[in-house]
Amino acid sequence: MSKLYSGAEIVFKCLEDQDVECIFGYPGGAVLPIYDELKNHESIKHILVRHEQGAGHAAEGYARSSGKPGIVLVTSGPGATNAVTALTDAYMDSIPLVCISGQVPTHLIGTDAFQECDTTGITRPCTKHNWLVKDIKDLSKIIHKAFEVATTGRPGPVLVDIPKDIQFQKTKYVNSIKRKKLNGKIHNKFNQGEIDQLVKLMVNSSRPILYTGGGVINSGPKASELLRELVSLTGFPITSTLQGLGSYPGDDNQFLGMLGMHGTYEANNAMHDCDLMINIGARFDDRITGKIDEFSPKSKKVHIDIDPSSINKNVKVDLPIVGDVSEVMLSVIKTLKKKNPNFASSNKEKTSKWWEKISKWRSVNSLNFINSDQTIKPQHAIQRLYELTKDKDTYITTEVGQHQMWAAQHYKFNKPNRWMTSGGLGTMGYGLPAAVGVQIAHPDKLVVDIAGEASVLMTIQEMSTAVQYNLPIKIFILNNEYMGMVRQWQELLHEKNYSESYTAALPDFVKLAEAYGCVGIRAKTPDELDEKIKEMINVNKPVIFDCLVDKEENCFPMIPSGKPHNQMLLGPNDQKENKITGKGKTLV
Amino acid sequence: MSKPKSAYSIPGKKQKSDTHIIVVWVDNEAGVLARVVGLFSGRGYNIESLAVAKVDQKLNISRITIVTTGTPQVIEQIKLQLGKLVPVHKVADFMRGDKKIIFKEMALLKIVGNNIKRNKAIKFCKKFNPVVLDKTNKSLVIQITALRREIDTIMNDLKKTGLVSVSRTGAVAMTRGAEIFK
Ligand SMILES: Cc1ncc(C[n+]2csc(CCOP(=O)(O)OP(=O)(O)O)c2C)c(N)n1
Ligand SMILES: [Mg+2]
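Residue numbers (this note's numbering), protein chains in the order written: chain S, 5 to 592; chain D, 9 to 190.
In isolation and in its complexed conformation, chain S is listed as follows:
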């Protein structure tokens, strides 16, 4: 007779068979049997966070930077509800998470028992799928299926809710990992005919643009390589969404920078005026398209995505190709090489006028700002951070706000998986715990959270986690004492009524760092900035860096919502900015 295992043991057997190396969690009554079992499984490291939301974001940071699913373990009731923000965040940004939650014993479900909540009900809309395990015999099958659902197709979070009595019961263990990475929900059905059509469009286009997104990152490092090959083979200009940054080198000449609400002038204008738009793994989000009715009116649109429901959701496209972007790009490259071996040279002439136009837009230098030698400009701080860390294979996470957009604009990423930011949900408090997760996955790398002083206070308690596990994360706070992004909108739209966007009584971040047992550094003037950044990099401990920046700087360029791409607001260097009055103002 084969051996019998308890539910708690089976949880770990599954995690071991899935090659899980670490879990982010927080104990409580309904998961105690699992915590009891932890000591018997040395290959699995448990990271004790300080709040379950932190566990979720840390797992996201781990997943994004490593390409492996992130594992979260929480107790029933408040443990599970605290994890909901992170699950929703992962759902919006397509990050594979497996969350295991404890539940009250089966016989108490439905009785409003202590720390009972309808976890599968609450998390149904923010997971790809979830399960309440009602029979110990289903446990191993469900956990393996959970990994499969989280990591295949368009990735995302899943949750397995395990009642406490099931954790104690015993049964046989079945390893049911599907080696074949296929389930009924994966769509890789594109055909050569579609590829031929795409190649034909490419050959005929004189104003093409590649618009790439997080799908390229999610498809794995191979996808980034193929993208680079495709770009060099075609000579096409390329722009990226917030989530796609790093899949193509940010300092390359064919790269037009990020597009969208705070994207560059050249990227947005090229999107508006192109005759062929090839969307690779992006989703025509409303921060990208601006006014839908006037979005890129003259172009043929191609959309390559693994999720068929992303296609034609916001924007109607002319050629949808459903598939893994790596495989589609591979086919395109092969076909292009075979059918048009000297495409690059023949294409050069065809697109030369287009490139001239792009250069003109580029010369506007839309990311420019007026620097100061008195106060630190936030953009300048990011530029210095970039210059001083670019040779180090640095991993960057962010919180949400102006600092996030400045980071996206001024930090140039050259590799995928180096940039972790909450895009879809825009979760303040994401960056610090995400940095914890990234540092766990990459113990020897430099990990910096580019933060705002308001956001960072939402999950600041995770500094304690960083200290406990000797994770030398750097929290680089662009401290403007304002919820800057909110203040900017109030300035532009609400007659400078700065309602509740100023944070009085901020903590002294240097002392706060010391209280947590890490290092606090403050930079007040541009003169001392470089020295202090170097000091931060050289400390082998967690650091909170309080960078006092201009309090009233605004983030430009900006497409006011409800406006098409070619009506951007540029920075103070540009006169156009003064024109945001009347009607235009109300539309932002």
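Don't read these hints as lab results, they were simulated from the structure. All residues carry an ideal CB built from backbone N, CA and C; glycine is no exception. Worth double-checking, as some hints may not be accurate.
Unchecked claim - Here are some, though not all, of the chain D residues that point toward chain S, as calculated from beta-carbon distances under 7 Å:
| no. | residue |
| --- | --- |
| 1 | Val82 |
| 2 | Gln85 |
| 3 | Thr183 |
| 4 | Arg184 |
Claimed, not checked - Pairs of lysine-lysine residues, derived as DSS-like cross-links and limited to a Cα-Cα distance of at most 25 Å, are as follows:
| no. | chain 1 | residue 1 | chain 2 | residue 2 |
| --- | --- | --- | --- | --- |
| 5 | D | Lys22 | S | Lys302 |
| 6 | D | Lys190 | S | Lys138 |
| 7 | D | Lys66 | S | Lys149 |
| 8 | S | Lys536 | S | Lys394 |
| 9 | S | Lys354 | S | Lys338 |
| 10 | D | Lys22 | S | Lys145 |
| 11 | S | Lys342 | S | Lys320 |
| 12 | S | Lys567 | S | Lys361 |
| 13 | S | Lys72 | D | Lys92 |
| 14 | D | Lys190 | S | Lys193 |
Unchecked claim - Footprint (simulated), chain D over chain S, 3 or more residues, beta carbon under 8 Å:
| no. | region |
| --- | --- |
| 15 | 132 to 139 |
| 16 | 201 to 213 |
Knowing the structure of chain S, use the given hints to seat chain D with the ligands on it.
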């Protein structure tokens, strides 16, 4: 209308909405109906009627028939989003007017009234396969099967003949001829 000061764009032009019947085959497991219905409510799609029951004992499969209205883009999204749910096996979709499809809804109608009224009620129902399921000297329960609109109409007619209670299933659908839903 004054333009809202919004962080979002203003709605663009709206397409025309049509009524569709969506048929979904799902694993008959806990929570599956909540997933399907939650997808509709969460994404702002509407449900006009809903009929669910297990149709395959061995494979444990239920068939859900949903009547909904939406623009072509919305209907397409509904189908694709349903297709992504893990317990969903397949999704079929038809326009309400589709001649190749039979749509039927069943209704139980309770009539309370004198003999004349009761006979009148049965007569009104003539066209819709009336079956008298229960009969007393004061009341009748009539079962009819018809289209949704027909049942709406007949309910109106029966008001005069002492209709006191109605119970209706949602619409169910089946292809005509030898073909089956793919
Ligand atoms: C959890 C959460 N609450 C509220 C918001 C709305 N919001 C977006 S940006 C922002 C201000 C962020 O301020 P800070 O972290 O100081 O960044 P800054 O814009 O000043 O760089 C707020 C409140 C949000 N994105 N997330
Ligand atoms: Mg701030």
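Enumerate the violated hints, using their earlier numbering and listing them in ascending order.
Hints 1, 3, 4, 6, 10, 11, 16 contradicted; others consistent.
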